[in-house]
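Fit chain B to the supplied structure of chain A, relying on the hints for placement.
Chains as they are written, first to last, in this note's numbering: chain A, 61 to 562; chain B, 199 to 366.
No lab work stands behind these hints, which were simulated from the structure alone. You may find that some hints are simply not true.
Some chain A residues flagged as far from chain B (calculated, every beta-carbon gap over 12 Å) [said to hold, decoys possible]:
| no. | residue |
| --- | --- |
| 1 | Arg98 |
| 2 | Ser372 |
| 3 | Glu390 |
| 4 | Tyr410 |
| 5 | Gly419 |
| 6 | Cys489 |
Result set (SDA-like, lysine to any residue): computed pairs, CA atoms no more than 20 Å apart in a straight line [unchecked claim]:
| no. | chain 1 | residue 1 | chain 2 | residue 2 |
| --- | --- | --- | --- | --- |
| 7 | B | Lys234 | A | Glu483 |
| 8 | A | Lys108 | A | Val149 |
| 9 | A | Lys342 | B | Pro214 |
| 10 | A | Lys488 | B | Ser259 |
| 11 | B | Lys234 | A | Asp441 |
| 12 | B | Lys339 | A | Ala269 |
| 13 | B | Lys238 | A | Glu328 |
| 14 | B | Lys307 | B | Lys354 |
| 15 | B | Lys296 | B | Arg227 |
| 16 | A | Lys280 | B | Lys234 |
| 17 | A | Lys108 | A | Ile75 |
| 18 | B | Lys307 | A | Glu483 |
| 19 | B | Lys217 | A | Ile306 |
| 20 | B | Lys339 | A | Pro272 |
| 21 | B | Lys238 | A | Arg493 |
| 22 | B | Lys234 | B | Lys296 |
| 23 | A | Lys214 | A | Lys342 |
| 24 | B | Lys307 | A | Leu500 |
| 25 | A | Lys488 | B | Tyr343 |
| 26 | A | Lys420 | B | Ala313 |
| 27 | B | Lys217 | A | Gly346 |
| 28 | A | Lys280 | B | Tyr211 |
| 29 | A | Lys505 | A | Lys488 |
| 30 | B | Lys307 | A | Gly122 |
| 31 | B | Lys243 | A | Glu326 |
| 32 | B | Lys339 | A | Lys497 |
| 33 | B | Lys217 | B | Thr256 |
| 34 | B | Lys217 | A | Glu328 |
| 35 | B | Lys339 | A | Glu90 |
| 36 | B | Lys217 | A | Leu507 |
| 37 | B | Lys307 | A | Arg493 |
| 38 | B | Lys339 | B | Arg227 |
| 39 | A | Lys373 | A | Pro119 |
| 40 | A | Lys497 | B | Pro350 |
The beta carbon of each residue, even a glycine, is placed where N, CA and C say it ideally should be.
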Amino acid sequence: MGCIGYCREEPLVNIHLPGKPLIILHRVTEKDAEEIVRAVAAGEVPRKLSLCRINDWDPLVGEKLLFGEGFQDVPAYAEIPYFAPQRKVVLRDAGLINPEDIDEYIAVGGYSALYKALTRMSPDDVIEEVKASGLRGRGGAGFPTGLKWGFTKKEKSSTKYIICNADEGDPGAYMNRNEMESDPHMILEGMLIGAYAIGAREGVLYIRAEYPLAIQRLEKAIGQARDYGLLGENIFGADFSFTLTIAEGAGAFVCGEETALIASIEGETGRPRPRPPFPAQKGLWGMPTNINNVETWTNIPVIINRGGAWFSKIGGERNSGTKVFSLVGEVDRVGLAEVPLSTPIRTMVYDIGNGGIEGKAIKAVQTGGPSGGCIPASLFDTPMDYEHLTAVGSIMGSGGVVVMDAGTSMVDTARFFIGFTNEESCGKCVPCREGLKHMLMILDKTLAGKATETDMQTLEELSGVIKNASLCGLGQTAPNPVLSTLRYFRDEYNTLLKKARK
Amino acid sequence: METARLNEIVESYPTPTGKILGILEQVQREDGYLQKDVLKTLAEKLEVPLSELYSIATFYSFFTLEKLGRHVVTVCMGTACHVRGAPALADTLKALLKVEEDETTQDGKFQLTTADNDFTVTSARCFGACSMAPVLRVDNKIFGYMTPERIPAVLKQFGWEEDTHQNA
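Only chain B is shown next, with the shape it has when bound in the complex:
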């Protein structure tokens, strides 16, 4: 992010209420992640220790310190989605996009990016779209009533191609 843009964001908060989180959220939205350099600049500008910004960035699930893929596929892991089969959606996505978890996480949360950086697969707590459970989100688009069988068609809308070499 350019320093000029960062200044603009900082200046859009005239009062301290909601300021720090608000700035970080805007940076996250525009850059797709929180870059180390940006955090350093922000720490100086806001006169807060870098460690404090780091602790905020790692405490709240909205932030990520790693660059995400061009498209972000988010599986809703809310209760309604869980009951209606979200874990199977997550497994199918991981298999189709060939991303593996390097370590097993206890909580079922994950964030995995494909080798070509086209897709990141991640999980969310709840979109509040429970009536359409189970739900997937690709970038800002919500896909409701999902089934593992429908996933390839959804991914194709975002430029994914089925690997045909494997079976050849």
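So that you can see chain A by itself, here it is in the shape it has in the complex:
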């Protein structure tokens, strides 16, 4: 079984008795096994372990699943505060099907979107549908997916590639891991539809080596799809053939950048290349290449089956669809939560997350990984979407939300991220390589109580230079944690400075 995302309550156990609702048990231990077996043998479920019941479920691409009725005293799924504000589109099957069994994926409507695309739609129809959905890149940059596909499609080349970027490198973010581990076939299906639209015959899944289970499940999924004729020659009898290869990343944050990722697949050190030419013109092995993040691909089957118009109604203005966020750090209910884009931070942190651990006050959230910023509690009405998070000095990134309570030093947090990006800088361009090193030195000096006001000015100046002059996204966003903490938590820097004057 995959994971439904309520990590705080793990381990979870699902029980389905014929004609009865699906029951999710929580915080189960080995000691509970006997009680569970006894209850099930008697046609019952252990009440004190029951988290919630699911009577029916809409997997969006297929027919509604009807589990059954009964066990009315167990709370319904929609009554659980952690689940209530959520909307599952990406994680539509996660925790409900066996990710290692293609038949279960097919049973919930899997590969029917591929069938529809290959038999009833032209490649242009597919691209138009994706454009109409308003789907934007879930890796963080938010570029419209349909538009991106169109660029690679219009290139005249006999060989084109598509790549799934599964090098989830943001510390504090693990939604892509769950998407791969819980429902690998939806990624394959999304890629197959994309390949058909773009005109690519080969695809590469670039996964970080730190995710062995994800790799194993995708390998299994690829094998099963091949056995069923869903990968290979003339899929569904159409004039469309496609093969998929897994390439493993080896632990370099910068490889999330698409040109660095391509260099890595080609067996080089993952250093970004200047754009243009964009991968759409000259990508893997010099051929037109389209790269999308794992989560972007997972939305495609839903868009094809339910229509772009349906999809565009979810979320906010110019921010259609949902996003899976990893809610972690000093928050009561940790886990993976999927909400419509433009949901306020407050809903995420308080309604879903239930605030701080043991009721502690929350000071800020850090979104978007090392390239993101820290957002103070006073701005928790900010909608979580591409534009609004950027406006407050952070970014959406891949969807990491790290909650920090009053005990967290924001200067130390800024130093943590600059330490990270300084180490992960590939060293190719000077502003990033040298600039971050100096920022780190100043932050260390600040934490040691030895910095002056002039140092703060230098820190801000350096941030501007690194942002404007770096070659790739890593450098262009690396100063964000410093700039946002200087903007919202300047007093914490000042307290450290005062010591220097004494």
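For chain B alone, coordinates are given in the frame of chain A:
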């Protein structure tokens, strides 16, 4: 690594896509590190300069050129773990296993092996197990919700013995 096994690994990559990194990763997994001789053999087989393999081996954090201890203890240094106390875990491990950093690294990354070669303590960027932060990994086993106090019990599962002579 035996040459026959190395040949097998190389032959398991029929296309150049993901080949070089894939081969090095498999060698790293099986040998625990990248031996100089193996890299030399590979350079000839793949017809790439040894310097290029060296630059790959040192660029990506997955690879190591030094032999690791029998058990590898990895402290996750991701954001969620950092916020929930990973630095204290690292300090406790270093103290218990009596390994010292010979030089202070700016980035907080480290790789230290005990004198008896039983344990290597190292850091990782993020396991993606953020919900259980802070997290330790010993070999392939993940230990979540860690505290410095719980570390001795974890290490004992892997044959570590508390040094009682010190207090005697």
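Status of each hint after checking the structure:
The Cβ of A/Arg98 lies farther than 12 Å from every Cβ of chain B, with a closest approach of about 29 Å, so its non-interface assignment holds. Against chain B, the non-interface label of A/Ser372 holds: every CB pair exceeds 12 Å, the least being about 30 Å. Not every CB of chain B lies more than 12 Å from the CB of A/Glu390, the least distance being 6 Å, so the non-interface label is violated. The Cβ of A/Tyr410 sits about 18 Å from the closest Cβ of chain B, beyond the 12 Å cut-off, so the non-interface label holds.
Non-interface status of A/Gly419 relative to chain B is upheld: no Cβ of that chain comes within 12 Å, the nearest being about 17 Å off. Every beta carbon of chain B lies more than 12 Å from that of A/Cys489, the smallest distance being close to 16 Å; the non-interface claim holds. With a C-alpha separation of about 25 Å, the suggested pair B/Lys234 and A/Glu483 falls outside the 20 Å cut-off, and the hint is violated. At roughly 30 Å between alpha-carbon atoms, A/Lys108 and A/Val149 are farther apart than 20 Å, so this suggested pair is violated.
For the proposed pair A/Lys342 and B/Pro214, the alpha carbon gap of about 17 Å is at most 20 Å, so the pair holds. Between the alpha carbons of A/Lys488 and B/Ser259 the distance comes to roughly 17 Å, so the proposed pair stays at or under 20 Å and holds. With a CA separation close to 56 Å, the supplied pair B/Lys234 and A/Asp441 exceeds the 20 Å bound. Of the supplied pair hints, the one linking B/Lys339 and A/Ala269 holds, its CA atoms being roughly 16 Å apart against a limit of 20 Å.
Straight-line distance between C-alpha atoms of B/Lys238 and A/Glu328 comes to about 17 Å, which keeps the hinted pair within the 20 Å bound. Annotation: proposed proximity of B/Lys307 to B/Lys354 is violated, straight-line Cα distance about 25 Å (limit 20 Å). For the hint linking B/Lys296 to B/Arg227, the alpha-carbon distance of about 26 Å lies beyond 20 Å, and the restraint is violated. Taking the CA atoms of A/Lys280 and B/Lys234, the gap is near 34 Å; set against the 20 Å cutoff, the hint is violated.
Taking the CA atoms of A/Lys108 and A/Ile75, the gap is near 14 Å; set against the 20 Å cutoff, the hint holds. For the proposed pair B/Lys307 and A/Glu483, the alpha carbon gap of about 9 Å is at most 20 Å, so the pair holds. Of the supplied pair hints, the one linking B/Lys217 and A/Ile306 holds, its CA atoms being roughly 10 Å apart against a limit of 20 Å. Our distance criterion of 20 Å between C-alpha atoms is met by B/Lys339 and A/Pro272, whose separation comes to about 12 Å.
With a CA separation close to 30 Å, the supplied pair B/Lys238 and A/Arg493 exceeds the 20 Å bound. Between B/Lys234 and B/Lys296 the CA atoms are separated by roughly 28 Å; this puts the pair beyond 20 Å, and the hint is violated. The hinted pair formed by A/Lys214 and A/Lys342 meets the criterion: a straight-line CA distance of about 13 Å does not exceed 20 Å. Restraint check for B/Lys307 and A/Leu500: the C-alpha separation of about 15 Å stays at or below 20 Å, so the hint holds.
The suggested pairing of A/Lys488 with B/Tyr343 is violated, with an alpha-carbon distance near 38 Å, which exceeds 20 Å. Restraint check for A/Lys420 and B/Ala313: the C-alpha separation of about 43 Å exceeds 20 Å, so the hint is violated. A hinted pair counts as satisfied when its Cα atoms are at most 20 Å apart, and B/Lys217 with A/Gly346 qualifies at roughly 17 Å. Using a Cα cut-off of 20 Å, the hinted pair A/Lys280 and B/Tyr211 holds, with the two alpha carbons roughly 18 Å apart.
Proximity of A/Lys505 to A/Lys488 is assessed by CA-CA distance (about 26 Å); at most 20 Å being required, the pair is judged violated. Pair hint B/Lys307 plus A/Gly122 does not hold up; C-alpha atoms about 47 Å apart against a cutoff of 20 Å. Restraint check for B/Lys243 and A/Glu326: the C-alpha separation of about 17 Å stays at or below 20 Å, so the hint holds. Distance check on the hinted pair: B/Lys339 and A/Lys497 sit about 34 Å apart at the alpha-carbon level, beyond 20 Å; violated.
Among the hinted pairs, B/Lys217 with B/Thr256 is consistent with the structure: their alpha-carbon atoms are about 17 Å apart, no more than 20 Å. Taking the CA atoms of B/Lys217 and A/Glu328, the gap is about 10 Å. The hint holds against a cut of 20 Å. Restraint check: the Cα-Cα separation between B/Lys339 and A/Glu90 comes to about 18 Å, which is no more than 20 Å; the hinted pair holds. At most 20 Å may separate the alpha-carbon atoms for a hinted pair to count; B/Lys217 and A/Leu507 exceed this at roughly 44 Å.
For the suggested pair B/Lys307 and A/Arg493, the alpha carbons sit about 17 Å apart, so the restraint of at most 20 Å is met. Restraint check for B/Lys339 and B/Arg227: satisfied, since their Cα atoms lie roughly 15 Å apart, inside the 20 Å limit. Only pairs whose Cα atoms come within 20 Å are accepted, and A/Lys373 paired with A/Pro119 is accepted, the gap being roughly 18 Å. Note on A/Lys497 and B/Pro350: the hinted pairing is violated, with a Cα-Cα distance of about 36 Å set against a maximum of 20 Å.
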